[in-house]
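**Q** Below are the chains, spelled out letter by letter.
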Amino acid sequence: MSTDQSVDGYAIRTENIAKNFEAVVALEDVSIELQRGEVLGLIGDNGAGKSTLIKILTGFHRPDSGRIFINGEQVTPRSPSHARSLGIETVYQDLALVNELPVYMNMFLNKELRRGRLPLLNKRKMKQMAREHLDDMGVQLSSVGTEVTFLSGGQRQAIAVARAVYSDASIFLLDEPLAAMGAKESAIILNLIRDLKRKGDVSMMLIAHNYTQVVDVCDRVCLLQHGQITYNKPVGETSVQELTELVAAEYRLGNNGNASGK
Amino acid sequence: MTTTREPDSARAAPPTRALGPRVVDVIFRRREASILLVTLALFVYFSSVNSAFFSEANMRVLSHFTYPIAMIALGQVMLLVCGQLDLSAGHVFAFTPFVLLFFIEAGVPTAIGVVLAVAAASGVGLLNGLITVKIGVHPFITTLGMAFVLQGSTLIIADGRPTTPPDLGSVESEIFGRFPFVGIMWAVVLTALMYVVLTNTRWGIYTFATGGNPLGAREAGVPIDRIKIGNFMMCSALAGFAGTLEGYRISSFDPLSGGFTTMFFAISAAVIGGTALAGGSGTIIGGFLGALFIGVLRDGFTIEGISSFQLFIYLGVAIIISMVLNVWLSRLRRGAMLS
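Sequence order for the protein chains is A and X. In this note's numbering, each residue's number is its place in the first sequence (first place is 1) plus 10. In this note's numbering, each residue's number is its place in the second sequence (first place is 1) plus 9.
Next up, chain X with everything else stripped away, as it sits in the complex (with noise of 0.2 angstroms):
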């Protein structure tokens, strides 16, 4: 055996570079470094042309266009990585909150409605996986089917229009509600954990496994299934949890709020975040920045007034550079580490 032993020297680190080859190092390895590159630019940016921007008021305003498309992006992170997607979650967000009316009104205290409310999104999720994976239609459609279903429940729950939801206690009233921040803090929080579950835990490297390798992961005894299915569950309910937060927010149940723009703007950011559609590759931290770049871009574009049709053309073009960069860093760690 020994004569097939190189000495340790062979593979020892490579020798240490020059800072700049380093720090594009770090940019190739980890995928998040270049969004946040791109969104600290874009901060500054606008920061500079409008001192508004770098106000309270407008911190305000970018974490309301944020931790929606954050949050939701955190379940399609899980839900691409392991090769899936959901077009409803943007449905399961204006859902949501009636069914949090439901529980109200029938008399179970807020803080518990919430929690109940989220377990029935997860319930779509639940339905969403099994359809998917029991039945083998493939996701794109069974989300699709589900989101029209949700849409047209919704608007008969609520009759067609906004309802105001009920006073919030003072307790609950931090929790879900009216403090300004309350909503990114969330995010935040829930980024922090979903990093964790992604990156340090079984149900993670699953994840990873479902989608990279499904056959495989099958051979080795990763139960497939049960990912796809916990993972379109976790989708759901955070979507729905965002959902809810959004309706306290405004003070408005909205049956007509989230949507398909809600879902591909969340979408959206997982791909800006360097999360592949494929399967088996993707970041949470990412996903978070990716949402806060939308956020970033929406914002800066309002408050500088200009048109909204604009701030669709650059988004597009994100999303295009952050899948050819993909595409294209991929191809050049490859070379690097074939050489």
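Next comes chain A alone, as it looks inside the complex (with noise of 0.2 angstroms):
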């Protein structure tokens, strides 16, 4: 075990972790790596495990077993704050906003910013952040005072993302970010992460469930089939015809379509 970064190449390394709840098996046996500077792809079928695994890197849930690296140093998140302040940021499933508070508030939650050491809101500089990240990133909103329940899925995706990303985290965990999301909404988060990758430094994992978009922005696919990784290949590799293949097979094959490429 060290805390020397250069160590491995690792923004996140995981051996063999195992996470059953009650009697449901999530996750068997995973071992995953996210390289520094990298876009990895996490596909599988719906209950594969992929939320699962992410919460587990964000310490929203604890590993049954296995040894989880962060920047080469071996460590188990203890909690989404935790994690945060390892350097990962979350754009959960869920999206995690709260329809009651302002989109401002939303992005900014759990990271306030403060009137110098009073423990009072500088609701003005947030609100003027948010404005700037949200027209950086081409996102329109008519108001960043606007409670986030007036918003559409896709709005409401971008304010998740955005509260991800406009931070000072290197690792980045998106669980399907364009879920909710039309071609042009899809655009600017696809941008972002391109943009994110041009600037280097940062690493990212994502789930999707469209192979076009994966194949477009990601440099590796893994797929977890239950509760295991069964594949694992750089973009270049491989095609949205095989991926699709690849998840297809699971159904024909009934169990466990164990495909290892080609």
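No lab work stands behind these hints: they were computed from the structure. Warning: the hint list may mix true and false statements.
Away from chain A, derived, C-beta distances all over 10 angstroms, residues of chain X [stated by the list, open to error]:
#1 51
#2 124
#3 174
#4 214
#5 228
Straight-line distance between alpha carbons at most 35 angstroms, and here's what the computed DSBU-like set of lysine-lysine pairs gives [as the list claims (entries may be wrong)]:
#6 121/A to 135/A
#7 137/A to 243/A
#8 143/X to 133/A
#9 137/A to 194/A
#10 143/X to 121/A
#11 207/A to 243/A
Some chain X residues flagged as far from chain A (calculated, every beta-carbon gap over 10 angstroms) [as the list claims (entries may be wrong)]:
#12 153
#13 222
#14 261
All of these numbers come straight from a predicted model, not from anything done at the bench. All C-beta atoms in this analysis are idealised placements derived from N, C-alpha and C, irrespective of residue type, glycine included.
The task is to assemble the complex, starting from two chains supplied on their own in separate frames and drawing on the hints.
**A** This is the structure in structure tokens:
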């Protein structure tokens, strides 16, 4: 174990992660690596354990066994706040937005800006920065003071992504950030991911069901099936058809459609 | 990226509208505005039908009707916003003065005794919170049980009868005691304080987040258990302090003061002020105004000599109307926003 970040080139590395919920096996034995500077696409059928893996990496769930290394250091995130302090930001599948709060408060949830040392919120600064970030992304919104409940699905998703992305984090875990989005909104997020990638030094794990988008934006793809990684390849060596075929094969073969590539 | 952006004018402020719709708009946006209007109207009505209503003596009575309800309502608003409620607040109200009595009899100076008694009251909240949050008992049940436990305990400690509190020193008298408007002044100060807490601090945002989307709040790293427990403690502390003030005001620590009636008046105040039971929304100012509304109603009926039987009917109707209004206004707002 070492705290030296250069020890292994990985932003995240897991060894034999297992997680059960009562009698249900969510993750059986997951060893996965996210290289530094890489965008990793994580695909798999519903219930394969993708979100569970993400929630273990963000400290929302604790693994039953296995080891996690973040930037080369062995550490198991204790809580979402702890994960954030380790440089991990997350967009959850359910977006983790509070409908009753305005956009800007959602964007700064659990990282609110305060007025100097006073325990009071600096609302003006938060509004201004939220506005800048959304303009930056190209998200249209009449007012950052609008309660989130009044936004469209795509807008909500954009807010959740903006919340994660505009931070000092170096690792981003994006659980279906494109799910509720139309083509135009998806383009905004995909552009954002490309921009981040270009800036370098950030690593991303992206869960998506649209394999065109995965091949488009990711460097590497992993398939999670029945709580195990069954496929792991650079996108250059795969294709939309192959990925579609892989997941579809699972249905045809019934239970364990273990596909190890071409 | 620029292709997806529209000209700035697309999201410019909407064109200015006539005054009428703007007023309606304010009432929509500020839920407190409607209850303020109703309370003022009621105030004007009672003043016009009876000149004694707007006298200093009666303002004193009004303030006495209002402040305990208002103080407990502040705590209930915090709890309701984070999706909880406290049925034991009225019994903490009755219990706390006897805790103070214990400290005074042990030789603790009154002012310090009040602080310790309020701390003990918040201990009741801590217990409510721990049982609710850590064990997973519904707050309705936890605090219902706590209410009966406190009621019994208070009656045993008090030997079933009221006690005259020991005299206050001159300074203490100014702060807790006989000055006729002490209670309402405390209520106003605490309302201002809690308003800032709920709208301008992290604690307040987390309280909204905890009630609005507990799972999402947890995912975002909001310590929702701590928020709930803290708000239980605040509610109990406020109720305990209110009970202490009331005990000194009437010069009697009464084991049968407060209770479920006071607690339900406080929850009514919160609801009338625009706080939803479902969590995620609510206002402190509304809670205070709700208490003032109930105070004006009770006081007006008393001074008019109208039977208190009728009071309950009006109060009940007011609670239901304000809830209907809540649902209706949020639908209207939604419609207006989406159009």
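**Q** Please go over all the hints and tell whether each is borne out by the structure.
**A** Here is what the structure says about each hint:
1. Non-interface call for residue 51/X relative to chain A: holds, since the shortest CB-CB distance, roughly 29 angstroms, exceeds 10 angstroms.
2. At roughly 21 angstroms from the closest C-beta of chain A, the C-beta of residue 124/X stays outside 10 angstroms, upholding its exclusion from the interface.
3. No Cβ of chain A comes within 10 angstroms of the Cβ of residue 174/X; the nearest lies about 35 angstroms off, and the non-interface call holds.
4. With a minimum CB-CB distance of about 6 angstroms to chain A, residue 214/X fails to clear the 10 angstroms threshold, and the non-interface call is violated.
5. A beta-carbon of chain A comes within 10 angstroms of the beta-carbon of residue 228/X; the shortest separation is about 4 angstroms.
6. With a C-alpha separation of about 13 angstroms, the suggested pair residue 121/A and residue 135/A falls inside the 35 angstroms cut-off, and the hint holds.
7. Pair hint residue 137/A plus residue 243/A does not hold up; C-alpha atoms about 42 angstroms apart against a cutoff of 35 angstroms.
8. Straight-line distance between C-alpha atoms of residue 143/X and residue 133/A comes to about 33 angstroms, which keeps the hinted pair within the 35 angstroms bound.
9. For the hint linking residue 137/A to residue 194/A, the alpha-carbon distance of about 25 angstroms falls within 35 angstroms, and the restraint holds.
10. Among the hinted pairs, residue 143/X with residue 121/A is consistent with the structure: their alpha-carbon atoms are about 26 angstroms apart, no more than 35 angstroms.
11. Proximity of residue 207/A to residue 243/A is assessed by CA-CA distance (about 19 angstroms); at most 35 angstroms being required, the pair is judged to hold.
12. Its beta-carbon lying about 27 angstroms from the closest one in chain A, residue 153/X satisfies the requirement of being farther than 10 angstroms from that chain.
13. Residue placement check: residue 222/X does not keep its beta carbon more than 10 angstroms from all beta carbons of chain A (closest about 5 angstroms).
14. Once the 10 angstroms rule is applied to beta carbons, residue 261/X is consistent with being away from chain A; the minimum gap is 39 angstroms.
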